[in-house]
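For the sequence shown, counting from 1, position 53 maps to 53 in my numbering; every step adds exactly one.
Take these hints with a grain of salt, some might be off.
Label pairs and their in silico Cβ distance ranges [as the list claims (entries may be wrong)]:
#, residue 1, residue 2, range
1, Asp-35, Thr-3, 15 to 21 Å
2, Ala-12, Phe-34, 27 to 33 Å
3, Phe-52, Thr-31, 17 to 23 Å
Simulated from the structure, these hints should not be mistaken for laboratory data.
Cβ atoms here follow ideal geometry from the backbone N, Cα and C, with glycine treated the same way.
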Amino acid sequence: AGTPAKVQDYLATQAEAASASYLVCDFAFGTIGFDEAMRSIELFATKVMPAFK
Numbered sequence: 001a002g003t004p005a006k007v008q009d010y011l012a013t014q015a016e017a018a019s020a021s022y023l024v025c026d027f028a029f030g031t032i033g034f035d036e037a038m039r040s041i042e043l044f045a046t047k048v049m050p051a052f053k
């Protein structure tokens, strides 16, 4: 959770620490509804993922 920039920083730090080459995300879990999950997916795809090309 957080801003796209905070998520980018967190993922970059974790990927480097774990020498990760891929990421698996789960945007719909627990009581998260469809609209909220879709908003998270759209933000992740447009604001976070481009930093890792």
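Okay, the hints, checked on the actual structure:
In this structure the hint that Asp-35 and Thr-3 lie 15 to 21 Å apart at CB holds, the actual value being about 20 Å. Between Ala-12 and Phe-34, the C-beta spacing of about 29 Å keeps the proposed range 27 to 33 Å intact. Phe-52 and Thr-31 have their C-beta atoms about 29 Å apart, which leaves the hinted 17 to 23 Å range violated.
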